[in-house]
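Input sequences plus hints: build the corresponding full structure.
One-letter residues, chain by chain:
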Amino acid sequence: MAKIMIVDDAKIIRITIKKHLEALGHEVVSLAENGFDAVEQYEKIKPDIVTMDITMPEQNGIKNGIEALDEIIKIDKDANVIMITSHGEQRMVMEAISKGSKGYILKPVTKEKLQQIIEKIPLS
Amino acid sequence: MNYPENFDIKYLLELYGDNVIASMTNTKGQITFVSNAYEKISGYTREELLGKPHNIVRHPEMPSSTFKDLWSTIKKEKVWKGEVKNLKKDGGFYWVNATVTPQKNEQGIVIGYASIREDITDKKETIELHKQIETILNNIEDGFLIFNKDLSIKESYSLKCLDILGQNEISNKNISQVLFNNNLELQETFQYGCEKLFETKDINIQELYISLLPQSHSINTKKFTIDYKILPKNEILVLLRDITKELELENQICSEQQKYKMIITIATHKLDAIDLIESFKKFLVIDVEEIELKTLKIKLHTFKGLFSQLQMKNISEAIHIIETSIKYQTFDKSFQEKLSEVLTSELKSINEILGEQYLEPTTSINIELDQLNKLESTLHNIINSSNYNKDKLHILLEDLQEMKKQPLYDMLSIYSVTVENLSKNLEKPMFPLEILGDKHILVKEDFRNFTKSLVHVFRNSIIHGIEDEATRIEYNKNTLGKINCLFEIINNDLVIKIKDDGQGLNLSLIKQRILDLELISSEEIINLSENEIFQFIFKTDFSTSLDIDELSGRGVGLPSIVYEIEKLNGTIDIKNKPLKGLEFIFTIPFKDEKEEYIQDFTNSLYTQFETFLVNDMTIQCTKSENQVRLKRGFFTTTLNVTGKENLLYVIKIEEPLLNTLCYTFTEEQNPNNEMKNDLISEIANIVIGLSIQDFPQNFGIAQLGTPISLDQDIIISFLNNNKSHTIQIDTQYGKAELALIIID
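Note that the protein sequences, when read in sequence, are chains A and B.
Sequential numbering of the first sequence, starting at 4, is according to our numbering.
Sequential numbering of the second sequence, starting at 57, is according to our numbering.
Hints are computed from structural coordinates only; laboratory data are not their basis.
Predicted model, so just to flag it, every value in this text is computed and none were measured.
Treat each hint with caution, since some may be false.
Pairwise CB distance ranges (calculated) [stated by the list, open to error]:
1. Ile124(A) / Glu255(B): 18 to 28 Å
2. Pro125(A) / Asn228(B): 33 to 43 Å
3. Ile286(B) / Pro125(A): 14 to 24 Å
Think of the CB as a built atom: it goes at the ideal place given N, C-alpha and C, for glycine as much as any other residue.
Written as structure tokens, this is what we have:
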């Protein structure tokens, strides 16, 4: 069981991911709706895993999920950040991975996809 | 020591003989000297070789031209060099690179030849292996190539690559340009991905980048998939698979599937199809000049919708193209000809399967069950021969089986003849058999065995129930006997009643028979009700043993009815009025599958909606299921859901409730209508999406359409004309309604 933070600007997506994660037996410790909040909360809560929407509107200088990822990696270089992406965003995902993201999920987010990716993450 | 004249060479050869494969011959080619290394590699001893012709080691695979060349060279007193495959003593071989030099004496006369060789067996074998692998690779349907960190394609690639990529040569070219020549964006993504991939040593991260590289592409008419494998030394193997033909086949199968879908839809909606085709034919010959463009547009649009409903996709697509051409003012007045061509070809495929006259308005031809069975087996074959859209084809199969259902009324009406004939044969005058029931009640084919078994009821009624004319006069009954058959659906049961006005069953006679046969004891029989006693006539022992007395036949055949009705999980009751008549009541569970199906699905939707309201929105709610009619003034969204059935999912939320939800979502105090519509669509999506996951057995192949906004009146007319199920949800902020409508 992992402590997970969900970052997404769409509440409906946050709810969907939360439902799936809870059904898988994980604990959703935080919901953030923009990159800025995500970074702030990451520092406080230190979740095991973060699901990060790759495209989010700018908030306090953090433009999107990649920048938020960047900041989180600065705080914790081993952070487990999973990007949530859509078709046609391959280029952005590559960038995120080069910045330290541990994987990605192509929307729509399903329980199976979440399970598969979380299984791969070594939790200390 | 006495050295021969050419001692210097021989001396050297002997000196290095352990390592140098050397030999000398005289001018006739007979061996005069071999080194230790020669002995070793050839497997012969020195003694075996000396004095023998040199061709003792000649391998049969060596072409004689090589030796001709050798001899002609050395005869000219020149040095010969070449690669030779030699035969070992044990039958094996070895490859050497040989140098043969003529040896002269002091007078300058050639006295023999010296030969030194280098063992190149390993090298030769490697080359051979390479050639074999190359042949194999070139003959595989997939293309292989390798590129390195500089994105440059290596020289060894399989020939299939050239075919797939439409190139003459690709070695040393840039892989990104070769693969995605026509797409700069893909090139950029590919280059970026490769650059990042080669930067890391972590194989897991490398795999992540690989998964993000383009997986398929097309160049000219070729469509291909691309697989990547990371090789050691910063190289990547690319596997190209030509899927052009596969896709063509898939398209072919899809159009075949589409054809059958159309045929079945038309067969189930025959009258609609005839009407539509007739009015379309008329439309195709009207003078277009005489109608306004606006009217024409409306007409075309309506036809498009109607044809699409009947799955006549080729026509609806053709109309769509014309509509578009009107929109872009490239409208061609000869459109009627084009459409009529398409119509002709569609009708041709329909006729091929359903028969020439099927869609003729003047003649009404029923499809024979045989034809349906043939269609069904064709469909089975298509399903078995392809992996595409199996689920969707199964829907067609179900449709077909649905078509094989028949009106119960028709199945029973054959007994009119039975009754008429028997009454004549037995000289018992009868009223015609009266059959009362909804002609629209359809039953599956497995019902037929049951209705066939009912023949025994009718026969027994006339033979033993209905009295002869004289007796009937005596009892003051109408001289004409009467049997009626009534069927109706009561709750979830189909009830069939067959009633005669004959003499009924004689209870005491039956009791006596039971006791005679020792089926139960006289003590037990006292405790049985009349109905329980009558049940004995359905027992096999009871009926088969009765063959001579007046009860004979009263039970014969009845066990077969029991057998058939039990297969349908039904029951039989008997109402007996001594001297007045007998009634058999057959009760068979009969559920409307569609109704049950949407009820289940709507309930599942409700469960998700409730979870959503309670857990996510912290709003308590209660449910009432009274087929309420959707009310106006609610915010509405509809989703098209296709699967086993075509459904319209309607969700309506009263404004105050929607405002509360909006606030919870966005913290917006005064949401505008656009926001509210967005929200309600999103809610519909999440609720139905989650519900489908919970509901795989009946809805495993559902596909969600995008939200559509339909006019309230249209929704209400859908509700009134189709099977539907509605659930009303009450909350403290207002009501919401969920409805599912089956769109036929």
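Tested hints:
Range check, Ile124(A) to Glu255(B): about 22 Å between beta-carbon atoms, so the 18 to 28 Å window is met. Against the hinted window of 33 to 43 Å, the Cβ-Cβ separation of Pro125(A) and Asn228(B) comes to about 41 Å, which satisfies the hint. Roughly 21 Å separates the CB atoms of Ile286(B) and Pro125(A), a value that falls within the hinted 14 to 24 Å.
Checked against the numbered hints above, the structure violates none of them.
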